[in-house]
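Kindly generate the complete structure, drawing on both the sequences and the hints.
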Amino acid sequence: MELLRFTTAGSVDDGKSTLIGRLLYDSKSIFEDQLEAVKRASIRKGNEQINLALLTDGLRAEREQGITIDVAYRYFATPKRKFIIADTPGHVQYTRNMVTGASTANAAIILIDARNGVTEQTYRHSYISSLLQIPHLIVCVNKMDIVNYEEKVYEEIRENFSAFASKLSVKDIRYVPISALKGDNVVVYSENMPWYGGGTLRYILENIHVGSDWNHLDPRFPVQYVIRPISDKYHDYRGYAGRVAGGVFRKGDKILVLPSGFISTIEAIDLFEQELEEAYPPMSVTLRLKDDLDISRGDMIVKENNIPKVDQDIDVMLCWMNNKPLTPGTKYYLKHTTTDVRCMVKEIKYKVDVNTLNQVDDGADLKMNEIARVALRTTKPLFFDSYNQNRQTGSIILIDEGTNNTVGVGMII
Amino acid sequence: MKYNLNHLRELESESIFVMREVAAQFENPALLFSGGKDSIVMVHLARKAFWPSQLPFPLFHIDTGHNFEETITFRDTLVKKLNARLIIGSVQEAIDKGRVVEEKGYAASRNLLQTVTLLDAIEKYKIDAALGGGRRDEEKARAKERFFSHRDEFGQWDPKNQRPELWNIFNGRKNQGEHFRVFPLSNWTEMDIWQYIYLENIELPSLYFTHERDVFIRDGVWYADAPFMMKKDSEEVIRKMVRCRTIGDISCTGLTLSSADNLEDIISEIAATRVTERGSRTDDLRSESAMEDRKKEGYF
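Protein chains in written order, with our numbering: chain S, 619 to 1031; chain C, 370 to 669.
Rather than coming from a laboratory, the hints here were simulated on the basis of the structure. Note that the coordinates shown come from a computational prediction; the quantities given were computed from them, not determined experimentally. Some hints here could point you the wrong way.
Which stretches of chain C does chain S cover? Using the computed rule of at least three CB atoms under 8 Å from a CB of chain S, they are [to be verified]: (1) 420–429; (2) 470–483; (3) 544–558; (4) 587–595.
The beta carbon of each residue, even a glycine, is placed where N, CA and C say it ideally should be.
Written as structure tokens, this is what we have:
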């Protein structure tokens, strides 16, 4: 069974909670005691119907205010796949939460209300999904029951969206007309829309090809931890532990170590008591090399004929996550793969309006939830790829030196 | 299709990555060990993460004194087998010293008292990262947890002000006196845990399999009888075939009537069940936000 991570974004009334509730309920992932608890809470709050949003809105403040503040993770499984949903709020002031939910997703569900068609919120969710390089977008035209299941309504929305989507860099876009409330095309095929020839939402989620979502071309192994046992039996053991971030490493492969430039050969790939022939993303393994080299955390093992970029000057699309705005000239800690360096913000080149995708040239600072192209200078060279090529080696976070908070997240261009 | 991991291997790899980050980013981590299945899986993953080295952190048990005997026997055998270090925070000791006051009445439990003991022990042993086996699918407040969850100098969790956590970049920076709780099993479900135990053939305490025991029923939940369990006159002790679906201490662990004596049967039992595993945990049923409230104070 494979794992698929997907994200949803939405605000009150757009049917997101109903949709998630239905996916969970119809796959028997809501348990009786959870449903009882939600029923009790709904009655106490004076709701007429069972409010399925209470399943995901886990914090007291969220339930009190009836809003989703943070990302909530929900889990369900069908006989074909295990799913992790990152459920995020959809308003513009929660851009940072949407970005967080999108960072690990294989797929994004874009919900469009059939009555309203493509709106500003649709643009925003789609742009964020594209910026975070979510490989698959599933556009759900919801509330089809209210528009009498009319094909014309669906087709018009589909055309509008695909015209806009040509501006995005998403590999795979699917469309499905649904009614989350009535259950049409969510888990069960709808008899109300015989004109629709595609699969149900769940069918799409179960069958999207996720194997190719990892980079299998460019071998990248950020060294995370050096294993040197202090025991007689493993006296000479020296292993480099880490998670493969790209490409395939095989026993016997010739490798190159950054930054030293040393060359060696993979002697063995260990996973516990087992020796593997090869390792690929996202496997956590331990590499042993033929030669005794000076390698430590933050180094990267790659192949001689396929070296990432090595530079102290990087441009990133940065999403700002903190109340205190970013200003050029400020210094931050920067984390990239297993490396920690310091960096200085050299310049904010332009901001992006997440609702229109237009570049805007305003302001000397970057405020919370804003996204901009920013130039950074690091104290040591980073070994990186562009985010479009590799989400693992192309992402960074910025940390405030005073509070230690994560204040910004960036996709390397 | 060749380069695809199945879901258990992907979760395993994620957890191993998180554990290695902890070993790399912190000076004095410890692995919270209760003797329950999740912490046993945690130990297994830690062995995988650092093999052939020994665990780079001690096991850390918060002992309420109201344990099932089987849990303690299992713990001590495991510690010996792994040649691991064990540190213990004792709730009984905290009661004796007057740090906490025992609850009274029939529903008395030492569950809440664990928080003070846990925070005291974290301070005493200067632990800067406590690895816990909490999972997001367990409970709605847990669903909001980060992998790396920051605690202030009072050990408190501020759920409305958590650090953003993206990709697999984990920020463990902190100021003096603060610490982290780290949850490598965040993305596992109860079913994943059982399937993984089966896949890896991980040894468990006998409590998880059916056995005969003195039990009594209260508010529809079966409890084990023990000398410190106060019973009402109407609560009659009888012998039943039961097993634990989750193990806490005796006072808050509901038992399942079951004949499952092997992992296959347990997995089919869980696949068919319509109640969550914490559905019979008295500690969670106290109020709608019982878990959130406890976690803010510094609970597991």
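Right, here's what the structure says about each hint:
1. 420–429: That given contact holds, which follows from 4 residues of the region 420–429 of chain C lying within Cβ reach (below 8 Å) of chain S.
2. 470–483: It is violated: at least three residues are needed, and the region 470–483 of chain C offers just 0 whose Cβ sits closer than 8 Å to chain S.
3. 544–558: Contact hint for the region 544–558 of chain C vs chain S: holds, 4 residues under 8 Å.
4. 587–595: violated (count 0)
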